[in-house]
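There are 2 protein chains.
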Amino acid sequence: MPHNSADVERILREKIRAIPDYPKRGIIFRDITPLLKDKNATKICIDEMAKRLSRYKIDYVVGIEARGFIFGSLLAYKLGAGFVPARKKGKLPYSKISRDYALEYGNETLEMHDDAVERQSNVVVVDDLLATGGTASAAGALVESLGGRVVAYAFVVELKDLGGRSKLTGKDIVSIVTY
Amino acid sequence: MPHNSADVERILREKIRAIPDYPKRGIIFRDITPLLKDKNATKICIDEMAKRLSRYKIDYVVGIEARGFIFGSLLAYKLGAGFVPARKKGKLPYSKISRDYALEYGNETLEMHDDAVERQSNVVVVDDLLATGGTASAAGALVESLGGRVVAYAFVVELKDLGGRSKLTGKDIVSIVTY
Numbered sequence: 364m365p366h367n368s369a370d371v372e373r374i375l376r377e378k379i380r381a382i383p384d385y386p387k388r389g390i391i392f393r394d395i396t397p398l399l400k401d402k403n404a405t406k407i408c409i410d411e412m413a414k415r416l417s418r419y420k421i422d423y424v425v426g427i428e429a430r431g432f433i434f435g436s437l438l439a440y441k442l443g444a445g446f447v448p449a450r451k452k453g454k455l456p457y458s459k460i461s462r463d464y465a466l467e468y469g470n471e472t473l474e475m476h477d478d479a480v481e482r483q484s485n486v487v488v489v490d491d492l493l494a495t496g497g498t499a500s501a502a503g504a505l506v507e508s509l510g511g512r513v514v515a516y517a518f519v520v521e522l523k524d525l526g527g528r529s530k531l532t533g534k535d536i537v538s539i540v541t542y
Numbered sequence: 364m365p366h367n368s369a370d371v372e373r374i375l376r377e378k379i380r381a382i383p384d385y386p387k388r389g390i391i392f393r394d395i396t397p398l399l400k401d402k403n404a405t406k407i408c409i410d411e412m413a414k415r416l417s418r419y420k421i422d423y424v425v426g427i428e429a430r431g432f433i434f435g436s437l438l439a440y441k442l443g444a445g446f447v448p449a450r451k452k453g454k455l456p457y458s459k460i461s462r463d464y465a466l467e468y469g470n471e472t473l474e475m476h477d478d479a480v481e482r483q484s485n486v487v488v489v490d491d492l493l494a495t496g497g498t499a500s501a502a503g504a505l506v507e508s509l510g511g512r513v514v515a516y517a518f519v520v521e522l523k524d525l526g527g528r529s530k531l532t533g534k535d536i537v538s539i540v541t542y
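As you go down the protein sequences, you meet chains A and B in turn.
First residue of the first sequence? That's 364 in this note's numbering, and the numbers climb one at a time after it.
First residue of the second sequence? That's 364 in this note's numbering, and the numbers climb one at a time after it.
Honestly, the hints are just simulated from the structure, not real lab data.
Worth double-checking, as some hints may not be accurate.
Identical copies go unnamed one by one, so any copy, or any two together, can satisfy a pair.
[Stated by the list, open to error] In silico DMTMM-like cross-links for lysine to aspartate or glutamate, where the CA-CA straight-line distance does not exceed 20 Å:
hint : residue 1 : residue 2
1    : K454      : D394
2    : K378      : E467
3    : K523      : D401
4    : K441      : D401
5    : K452      : D384
Since the model is a prediction, treat every value here as computed from it, not as a measurement.
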């Protein structure tokens, strides 16, 4: 097993595939499917996330649809926390709250059941990728509107140039591989 | 911890919420979010799936978008297998294969990267729900078109009256809670 965060980043970086010009010209897409396919890499990634969050007593991990479901549920399992899905509009069947946020073109909506987290509970919001931060910020706002405490955000990949951190100020931000 | 499969089913059934008339009149939707919110219930569910698959040496677990990502990635972690996402059309960035299947109204398409599994590897296909079996069957066909061996399908909930098992003949089928 790797000894420190730099080792972890080096190992996992090799498992993230660069797809040039996807979804459009000039963008390099970071494809995490090779990482997921490798059971050891996935375990190293989740262990590292858990280690960097070990100072908190986490009650719930919120995973953002769809790839955030993968890392969020694994992190919840590892931390011994409950898992809560934050879903795209119209996917959740029970009484819910919703939050709009801006994407490059137009708006998106994220939803959460209104019994998803308890007041005063400690929550981590997880997604595979931190880009502009709009999606994660919307998920955090949903948690807080239910009275939960967002203690941290965790991502596998962070695209630093897009400045997503600035939308998540005042919270701990864990990202494993940065570009 | 529960001692047998009947105990497991009884415990988990209490964590599955019935939503009447969703998504339309006359349908009872089985909502697994209370199960996911409960760390113990989730662990019991995954442990039971893993136990019922323990006779196999599983190389990869395929999780079907989106809720299959949750249980699929947890099962892969538990079994020490790699995780492979089967996604809706247009979501995967790399070279891929696709399969159409019929839903109640019209068709859907499921896709998988063409390097998702190796030839002769042993694969379990996971989703939260077995209904008509169309989605799971399409995921299995994708695996087999890449030369992988689908040794089993695993579901949290099975709706028996919809007869989905008949689309998955010749394979082991694990379902934890049946209605």
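Out of the numbered hints, which ones does the structure contradict?
2 and 3
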